[in-house]
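**Student:** Listed below, chain by chain, are the residues.
Protein chains: 2
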Amino acid sequence: MDVVALLKGHRSIRKFTDQPIDDELAESIIRAGLSAATSSNLQGTTVIRVRNPETRAAIAELAGGQTYVETAAAFFVWCADLHRSAVACEMAGGEFRPGMTEHFVIAATDCAIAAQSAVCAAESVGLGICYIGGIRNDPAKMTELLGLPDQVAPLFGLCLGYPDQDPAIKPRLPLSVTLKEETYDESGDVAGIEAYDEQMRAYYHERTNGKIDRTWSADMSALLGKESRPHMRDYLQGQGLNKK
Amino acid sequence: MDVVALLKGHRSIRKFTDQPIDDELAESIIRAGLSAATSSNLQGTTVIRVRNPETRAAIAELAGGQTYVETAAAFFVWCADLHRSAVACEMAGGEFRPGMTEHFVIAATDCAIAAQSAVCAAESVGLGICYIGGIRNDPAKMTELLGLPDQVAPLFGLCLGYPDQDPAIKPRLPLSVTLKEETYDESGDVAGIEAYDEQMRAYYHERTNGKIDRTWSADMSALLGKESRPHMRDYLQGQGLNKK
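Taken in order, these protein sequences are the chains called P and V.
FYI, the numbering for the first sequence is 0 to 243, going by numbering that gives the first Met the number 0.
FYI, the numbering for the second sequence is 0 to 243, going by numbering that gives the first Met the number 0.
Isolated chain P, as found in the complex (with noise of 0.2 Å):
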């Protein structure tokens, strides 16, 4: 299998069939995911399956109507988590120092790291993911569904399931612009910029059928023109998580 080209052929699947997983294989995938690289062991994730009907609603609805989270064969929930070291730092007779920034850059990366390999072992078994960001619309929400104690935030779903859908590739900024030498050196960047956009464009309009005239820029604006989920700094600060 050429692994490289399986990669760069990456799309997130939003459209499954009623094919079921094994769990077997499911668990396979998580071990998988789980044996990544991990900061100094710190091994700050935690993965929750999600199978109850009621709970998977309550999921798609606060991430803003995604119903595939419902329909995947399988849905995961992945989870920053302090939590465990800090029991296991009062296990060993250590005092636990919450609310460092530094740890939860930890445990944050730990767990997109994890949740990547185990989605390269998905999508190598012809199993297609669709990652879940809304679920921090209502981390408070996702906190009292699933049970999480102080320490653990949670930083995003993964759908999976077999692709019932053939989307098209997105197509990816420039490397002139996103792959540097030495410095970062920008003097590139607003060119490579524009030559994306114009790419985007005729991107949305073939999918579309001339109906979607958007670009990049165009998207960035609305992205970072708001204030997106205002309510983080003060949820992860609850929890106990990147305060000083």
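Everything labelled a hint here was simulated from the structure, so no lab data went into it.
Be a bit skeptical, because a hint or two may be false.
What the hints assert, rightly or not - Which bits of chain P does chain V cover? Going by a derived footprint, with three or more residues having C-beta under 8 Å, they are:
hint	region
1	18-29
2	62-74
3	134-140
4	160-174
5	222-233
Positions of the beta carbon are idealized from the N, C-alpha and C atoms, including for glycine.
With chain P held as given, fit chain V onto it using these hints.
**Tutor:** Relative to chain P, chain V alone:
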């Protein structure tokens, strides 16, 4: 290729042969990484390849004497990047709102996901990898070395090269602890951690001919009982990130 087995067999590699990596292959691996999922297509990742031996030596030193930063065939710094999106936002006539915690979470997550997809690509072609979280020992110096603008933070380094060692796979916490069903039920965690402590004690014993007697709990106590990288909060805020 059995990718699931490959990923379960991950070990960090810290000793590399002299064999170089073709630039074309390195670029292909980074491209595979940057093809991974990204939140709202933000693409909050910039990769900086460092070839200059002096810069590599400076990074190896600030990372705590990690000499493989110098000896790996290729070395990359992965940055969480909102700067480029802010530029795009302004190009589209929008007004970028800096400092949102959520935007930092998006960029850091994007960056870690892209890096791990690159790692999967690299490992699939026989390369070994080692993440270098130690660059966060001195992010201000990294910022100076790489000329990073506001809204960009170096998250970790990544060494790539052909392995010249064959280390054992480090055991992970049992899935009974890290993969939960429906809710965060921690009733089995202490027993799971105790079992893992004994497994890690045996692992260290075997690797050091009985010289090291350590458990995971003790490692967590050493790590979390001190104020790890207490500069991170101010550093990130100084870059205009993770403020509100």
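**Student:** Hints first: check each against the structure and report whether it holds.
**Tutor:** Here is how each hint holds up against the structure:
1. Coverage of the region 18-29 of chain P by chain V holds in this model, with 4 residues showing a Cβ closer than 8 Å to a Cβ of that chain against a need of three.
2. Only residues whose beta carbon comes within less than 8 Å of a beta carbon in chain V count, and the region 62-74 of chain P has 0; fewer than three means the coverage is violated.
3. Chain V is given as covering the region 134-140 of chain P, and this is violated because 1 residues of the stretch bring a CB closer than 8 Å to a CB of that chain, at least three being needed.
4. Here's how the region 160-174 of chain P fares: 5 of its residues keep a CB closer than 8 Å to some CB of chain V, so the rule of at least three is met and the hint holds.
5. Counting residues of the region 222-233 of chain P whose CB lies closer than 8 Å to any CB of chain V gives 10, which reaches the minimum of 3, so the coverage claim holds.
Taken one by one, the earlier hints fail for this structure at numbers 2 and 3, listed in ascending order.
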